[in-house]
Amino acid sequence: MPEEHPPPFTETIRQAELAHQQAIRYGKDLARIYVIERSRRQELEAALETLNAIFASTPDGLVVLTEGLAITQANESFVRMAGADLNSILGKPIAEVLRADHALQGLHWALQPGLSIAHIELTIEERHYLVSIAQFQTSNTTGWVLVFHDQTESKVAQAELRRAHDELEERVRVRTLELSQKNALLMQEINDRKLAEATEREQRAFAQALADIAAALNSTLNLPEVLERILANLEWVVPHDAADIMLIHEGRAQIERSRGYDEATAAQIDTTVLVVSRVALLHQMMLTKQPVCVHDTHLDENWPEMHSLPDIRSYIGAPIRLDDDVIGFLNLSSRTPNVFTSAIEQRLLAIADQAAIAIKNARLYQQAQELAALEERQRLARDLHDAVSQTLWSATLIADIVPQVWEHNPEKGRQRLDQLSQLTRGALAEMRALLLELRPTALTDVNLVESLTRLAAAVTSRTGVSINVSTMGALVSLPDDVQVTFYRIAQETLNNTVRHANATCAEITLACKEDVIQLTIADNGRGFDPLQIPPGHFGLNIMRERAAKINASLEIESQIGQGTQTILTWHAPTQQEITND
Amino acid sequence: MTDETIRLLIVDDHAMVRMGMTAILDEFDDLELVAEASNGEDAVQYCDLYQPDVVLMDLMLPGIDGIESTRRILERHPHIRVIAITSLEQDDLVSRALKAGAIGYLMKNVSVNELARAIRSAHTGSPTLAPEAAQALIEAAKRPPQPTYDLTPREVEVLALMVEGMTNPEIADRLVISRHTVRAHVSNILSKLSVSSRVEAVALAIEQHLVTH
Numbered sequence: 003m004p005e006e007h008p009p010p011f012t013e014t015i016r017q018a019e020l021a022h023q024q025a026i027r028y029g030k031d032l033a034r035i036y037v038i039e040r041s042r043r044q045e046l047e048a049a050l051e052t053l054n055a056i057f058a059s060t061p062d063g064l065v066v067l068t069e070g071l072a073i074t075q076a077n078e079s080f081v082r083m084a085g086a087d088l089n090s091i092l093g094k095p096i097a098e099v100l101r102a103d104h105a106l107q108g109l110h111w112a113l114q115p116g117l118s119i120a121h122i123e124l125t126i127e128e129r130h131y132l133v134s135i136a137q138f139q140t141s142n143t144t145g146w147v148l149v150f151h152d153q154t155e156s157k158v159a160q161a162e163l164r165r166a167h168d169e170l171e172e173r174v175r176v177r178t179l180e181l182s183q184k185n186a187l188l189m190q191e192i193n194d195r196k197l198a199e200a201t202e203r204e205q206r207a208f209a210q211a212l213a214d215i216a217a218a219l220n221s222t223l224n225l226p227e228v229l230e231r232i233l234a235n236l237e238w239v240v241p242h243d244a245a246d247i248m249l250i251h252e253g254r255a256q257i258e259r260s261r262g263y264d265e266a267t268a269a270q271i272d273t274t275v276l277v278v279s280r281v282a283l284l285h286q287m288m289l290t291k292q293p294v295c296v297h298d299t300h301l302d303e304n305w306p307e308m309h310s311l312p313d314i315r316s317y318i319g320a321p322i323r324l325d326d327d328v329i330g331f332l333n334l335s336s337r338t339p340n341v342f343t344s345a346i347e348q349r350l351l352a353i354a355d356q357a358a359i360a361i362k363n364a365r366l367y368q369q370a371q372e373l374a375a376l377e378e379r380q381r382l383a384r385d386l387h388d389a390v391s392q393t394l395w396s397a398t399l400i401a402d403i404v405p406q407v408w409e410h411n412p413e414k415g416r417q418r419l420d421q422l423s424q425l426t427r428g429a430l431a432e433m434r435a436l437l438l439e440l441r442p443t444a445l446t447d448v449n450l451v452e453s454l455t456r457l458a459a460a461v462t463s464r465t466g467v468s469i470n471v472s473t474m475g476a477l478v479s480l481p482d483d484v485q486v487t488f489y490r491i492a493q494e495t496l497n498n499t500v501r502h503a504n505a506t507c508a509e510i511t512l513a514c515k516e517d518v519i520q521l522t523i524a525d526n527g528r529g530f531d532p533l534q535i536p537p538g539h540f541g542l543n544i545m546r547e548r549a550a551k552i553n554a555s556l557e558i559e560s561q562i563g564q565g566t567q568t569i570l571t572w573h574a575p576t577q578q579e580i581t582n583d
Numbered sequence: 005m006t007d008e009t010i011r012l013l014i015v016d017d018h019a020m021v022r023m024g025m026t027a028i029l030d031e032f033d034d035l036e037l038v039a040e041a042s043n044g045e046d047a048v049q050y051c052d053l054y055q056p057d058v059v060l061m062d063l064m065l066p067g068i069d070g071i072e073s074t075r076r077i078l079e080r081h082p083h084i085r086v087i088a089i090t091s092l093e094q095d096d097l098v099s100r101a102l103k104a105g106a107i108g109y110l111m112k113n114v115s116v117n118e119l120a121r122a123i124r125s126a127h128t129g130s131p132t133l134a135p136e137a138a139q140a141l142i143e144a145a146k147r148p149p150q151p152t153y154d155l156t157p158r159e160v161e162v163l164a165l166m167v168e169g170m171t172n173p174e175i176a177d178r179l180v181i182s183r184h185t186v187r188a189h190v191s192n193i194l195s196k197l198s199v200s201s202r203v204e205a206v207a208l209a210i211e212q213h214l215v216t217h
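Chains as they are written, first to last, in our numbering: chain A, 3 to 583; chain B, 5 to 217.
Some hints here could point you the wrong way.
Sample of chain B residues facing chain A (criterion: CB under 8 Å; computed from the structure) [stated by the list, open to error]:
hint, residue
1, 19
2, 21
3, 23
4, 27
5, 28
6, 91
7, 92
8, 112
9, 115
Simulated from the structure, these hints should not be mistaken for lab results. All C-beta atoms in this analysis are idealised placements derived from N, C-alpha and C, irrespective of residue type, glycine included.
Could you put the whole structure together from the sequences, leaning on the hints where they help?
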């Protein structure tokens, strides 16, 4: 528009024009503002809509309270949670809506003015909610937004988790307990086993010792040796300083064997004879048949005053029991007090029982030996006696017929008389040999050549086998057992010659050269194959045993058809060997 | 006296006894000594060789004894008459000798004439018993019979082998039966004899003459 001539009223028009233009500008501004406002309102509505949608659709229960805690708004979730419809709860105080009376106290506490936000937990109809409470303030009112977050599942899950956890903990606890119990048991077991092993080891050692003792005892039947071995083995089982074994004869106990005492003490006690009934400890063992133990001889009134045993501070004794009888005592002592325990008592008793058996065996063996020797002597005596009486009977037969023979044939009569004298001489020889058998000392009363000569004469008389006895060298005096052994072996050899060899003559030679005595008996019999003769035949074993006992060597040489030669050789021990014995 | 000559065998291990008997037999025309033996084996062999009418048999001999020799001789030559002659007074010897088949039993205290008479009786089949022998038989008759323990013949056989010291396998081999069977026999024997061990059974068998050996 041109503005070259502004009129006077034009001024007004111009001003109106200006106003008009201004109004248009305002209008435009208003329109613009309207547009902006409308878009803002639209944005706001959209936001509200969104908010409402969120409000409605959120799974958490939302409720808005205003004055008097009355419900002004509530979303779907809350309505559902409250179990009523929306209209019936709007405007009502929340306490009426929620039937969780017991929880309301907390709610009321949380809803006091001034607290901007709080969280409480409520349980409604068995469901658990975390309630977040936010207070808001408008210009004219105060209100609260409550968000009910259903945490039942997580609670359950948590509870589950906790329970699982607890359970796990419990299990761990139980298991730990079990383990510790087992551990304790195991420890116990280990201890027990260690103890058992120790006991077992000890038992085994003891059993081993007992077995050793039994074996040792069974290996010999010689009583002194048996006693010696008992004492020797005792050292391994029961430690002690000195020990002895007493045997009882008619109520009196005497030490048969001792170990560990000094020489003077040993010499003294070895000859001491104790009347069992007068020695308290021995008497007690005799009566109870059980061991006794003196822990400290200085404190025990039963310990006898024995001047010979001043050093003994503790003592343990066991009765040696045999078939309900006490036949002796096993005594152990120590220079230290309190070394013997009750465990040792039983061990000692076990050994004493072993000892009893060994002593019994040794005694029986001794008796058997004596009996066997006696029987042997009796048998030989019976045989000889039988031989003598048969020879005499034969002589009687001839004597009966001599007168009659003489009458019709004096020549034959003389022949019979010769036979008669031969028979009586034979009977005499047999009688002499018999006397050697009947008196045990007779064999050593005469020298070996004499006894062998008598033996030969008797055998010749009985069997008709001619036997020549000769000696070479000067016969030295022989120990009794050697002389008897030589005689017995000669006797047995001649017995074989007569019984088995069918010999007609034999030669006995006794050669003495320095310290060697050699007996040779040779016959002209049928001989035998030594390899074909089973051991034990012809009394060969007995002969060998006899020879071995005096350390003599026995050789028997024979061949079928070549006769038999028996050679017994004995070396006199040298002076050195004698001292060693 | 008869016309017939009686042929004799003397069995005795004692040379002096043979000497005396030989000497007196020489005085009797009807008695002829055909052989002398000093042990049982020879006696059996000489019977085969000389066929004597009568044997004078000493009972105690080395090797097989007089009783076993008698049994063996009579087994082969039932017609031979055996007179047992011994110096031992042992009760059971008499009955054992008679059981073995001896027709006479004399003691070695018999007189010359008694001996000759006994030989002639034996030859005609008549027995002669020494008074001691008769006495022993009477005593034996008075005694309660010895228990036999009801052993079967087979068990007696097994027991005899046990007495010889044989082991079960050896007995099985000898009798040609199984070891199992032997074991059964042995256990029966032990129970019948009421003993607890082999050794006891053997001892009892020997003591009571349950087996001949």
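For each hint, the structure was consulted:
no.	hint	result
1	19	holds (3 Å)
2	21	holds (5 Å)
3	23	holds (6 Å)
4	27	holds (5 Å)
5	28	holds (5 Å)
6	91	holds (5 Å)
7	92	holds (7 Å)
8	112	holds (5 Å)
9	115	holds (7 Å)
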